[in-house]
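Chemist: Listed here are the chains, written in short residue letters.
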Amino acid sequence: MSCGKMETRILAYVDGRLKQGERAEVEKHLEGCAACRLRVNEFRAVNELLDELPVIEPSGAFNARVHALVAAEPRKKSSWLAWLAPAPRIAFVASMLLVATVWLGTRQTPTPPIAAQDLPVVESSDYDVISSFTPLSDLSLAPDDDADDSDASQPQQPQQM
Amino acid sequence: MTRSDVQLMLDVKAGDQQSFELLLQRYRTPLVNFLYRMVRNREQAEDLAQEVFLRVYRAREDYEPSAKFTTWLFRIATNLALNSLRDHRYQKLEVSMDAPIVADSEEGDERTMEVADEHPDIEEHLVEEARKKMIRHAIEKLPEKQRAAVLLHKYQELDYSEISKILQCSESALKSLLFRAYETLRVELAPLVAHSVKH
Chain U
1 MSCGKMETRI LAYVDGRLKQ GERAEVEKHL EGCAACRLRV NEFRAVNELL DELPVIEPSG
61 AFNARVHALV AAEPRKKSSW LAWLAPAPRI AFVASMLLVA TVWLGTRQTP TPPIAAQDLP
121 VVESSDYDVI SSFTPLSDLS LAPDDDADDS DASQPQQPQQ M
Chain C
162 MTRSDVQLML DVKAGDQQSF ELLLQRYRTP LVNFLYRMVR NREQAEDLAQ EVFLRVYRAR
222 EDYEPSAKFT TWLFRIATNL ALNSLRDHRY QKLEVSMDAP IVADSEEGDE RTMEVADEHP
282 DIEEHLVEEA RKKMIRHAIE KLPEKQRAAV LLHKYQELDY SEISKILQCS ESALKSLLFR
342 AYETLRVELA PLVAHSVKH
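Line by line, the protein sequences are chains U and C.
All residue numbers for the first sequence refer to this note's numbering, where the first residue is 1 and numbers rise by one.
All residue numbers for the second sequence refer to this note's numbering, where the first residue is 162 and numbers rise by one.
Worth flagging that the hints you see were computed from the coordinates, not collected in a lab.
Note that CB positions come from ideal geometry on N, CA and C, so glycine has one too.
Misleading hints may appear alongside valid ones.
[Unchecked claim] Have a look at the derived ranges for each label pair, beta carbon to beta carbon:
| id | chain 1 | residue 1 | chain 2 | residue 2 | range |
| --- | --- | --- | --- | --- | --- |
| 1 | C | 183 | U | 3 | 44 to 54 Å |
| 2 | U | 63 | C | 167 | 17 to 27 Å |
| 3 | C | 165 | U | 67 | 15 to 25 Å |
| 4 | U | 64 | C | 244 | 19 to 29 Å |
| 5 | C | 247 | U | 67 | 43 to 53 Å |
| 6 | U | 20 | C | 344 | 23 to 33 Å |
[As the list claims (entries may be wrong)] With a Cα cut of at most 27 Å, we get these calculated DSSO-like pairs of lysine-lysine:
| id | chain 1 | residue 1 | chain 2 | residue 2 |
| --- | --- | --- | --- | --- |
| 7 | U | 5 | C | 326 |
| 8 | U | 5 | U | 19 |
| 9 | C | 174 | U | 5 |
For reference, chain U alone in the conformation it holds in the complex (with noise of 0.2 Å):
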C-alpha cells in the first residue's frame, strides 16, 4: 500500500473502523513507514484533543419552545371533512367567477318598455305628409359635372348670379 492510498484508510484506522483485511493492510504498511506512523499517532492526539470539549446543556425553556412551536402548528382534520373542504386555489377561483357573473348580472339591466303615452300619435291627416317626404339620402348632392375637378383640393369660390 502506497502513502497516497493510507490518506483515506487513516482515520477510520485511527477509530477503529476499518474491516480487518483493511486493518492488516494499514499496519503491515506501517511498519515500513515511519512518516505514516507518526501521522496515525498525530491523528489519536487530535482525536483525543476534540474529546476535550465540553458538552452543553440545552436551557431549560428548550423543551417548552419546542412544545409550544408544535401545539401552534394547525391540526390535520378528518378525511371527511378535508375532502367537504375545498382546495384553496379552487376556492378562490369559483369565488371571482361568481363576483363576475353577479356584476355582469347587474351591469347589463334590461331597457324599460316604454309607455303607451309615450309613444307619438300619428294623425290621419299627417299620412299624406308622411307620404310625400323625401329622405335627405335621396336629394342630389354631386356637384355639377360642369364642375372643374381638375383642382379638388381648391375651397369652390361661390358663382356670382
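Since the structure of chain U is already known, use the hints to place chain C on it.
Modeler: Same frame as chain U, now just chain C:
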C-alpha cells in the same frame, strides 16, 4: 425495551405525542451541541434545534423509514446550520459596512458555554481554559463542510455512509474531506499534538 428511533417516529406518525417527546429527549442535547459547534452561538443553536424538531413534527405524516432516523435528523440540522451561517455572513457584512463592531460576540458566547468548575488551582484552570479555547478555535476555523463532517464523525459517531448522505457527497469524497480537516486540525493544534505524541 427501548424503542428504536424509526419505531418512535412511526408512532408519532400514528398520532402518539409521547413518542415525539421521547425523540425530543433523546436528541435535544446532541442537536444543540452539534449546532452550537457549527454556528458558534448558543442562542442561535437552540433556535435552530427547535426548528429541527418542528420540521420533524411537520413531516410526520409523510415519514417513511427509508433511511436511518439520525441521517434524516442531522441532514435537516446540517442544512439549517449551513443556511444560517450563510445568512449570518451577509448580516455580518452589512453590519461591518454600517457600524463599527464594539465587542466580540464570539467571546461572549464562549463565556456562556463555560461549565461551572470549582478548580482549586487557578493557574491550572487558566491553562485548561486556554487549551479548550484553542481546540474550539481550531474547529471554528475549518471550512463549513469540513467542520460539519468532523462534528458528525467525531461527536455523533455516524458512519461514513450516513455522513456522506447528510453532506450529499460520495464516501470517497467524504474520506478526503475528513483527511483534509484532520490535517488542518493537526497543524492548528500542533503544540498540543506534539505534546501528546511525546508522552
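Chemist: Taking the hints in turn, state whether each one holds.
Modeler: Outcome of the hint check:
1. Taking the beta carbon of each, residue 183(C) and residue 3(U) are about 47 Å apart, inside 44 to 54 Å as hinted.
2. For the pair residue 63(U) and residue 167(C), the supplied restraint of 17 to 27 Å holds, since their beta-carbon distance comes to about 22 Å.
3. Our hint of 15 to 25 Å for residue 165(C) and residue 67(U) holds, since their Cβ atoms are close to 23 Å apart.
4. The hint said 19 to 29 Å for the Cβ distance between residue 64(U) and residue 244(C), and at roughly 25 Å that hint holds.
5. A C-beta distance of roughly 29 Å is found between residue 247(C) and residue 67(U), which places it outside the suggested range of 43 to 53 Å.
6. Between residue 20(U) and residue 344(C) the beta carbon distance is about 27 Å. The supplied range of 23 to 33 Å therefore holds.
7. Our distance criterion of 27 Å between C-alpha atoms is met by residue 5(U) and residue 326(C), whose separation comes to about 23 Å.
8. Proposed proximity of residue 5(U) and residue 19(U) is supported: the alpha carbons are some 16 Å apart, at most 27 Å.
9. Between residue 174(C) and residue 5(U) the CA atoms are separated by roughly 45 Å; this puts the pair beyond 27 Å, and the hint is violated.
Hint compliance for this structure: hints 5, 9 are broken, all remaining hints hold.
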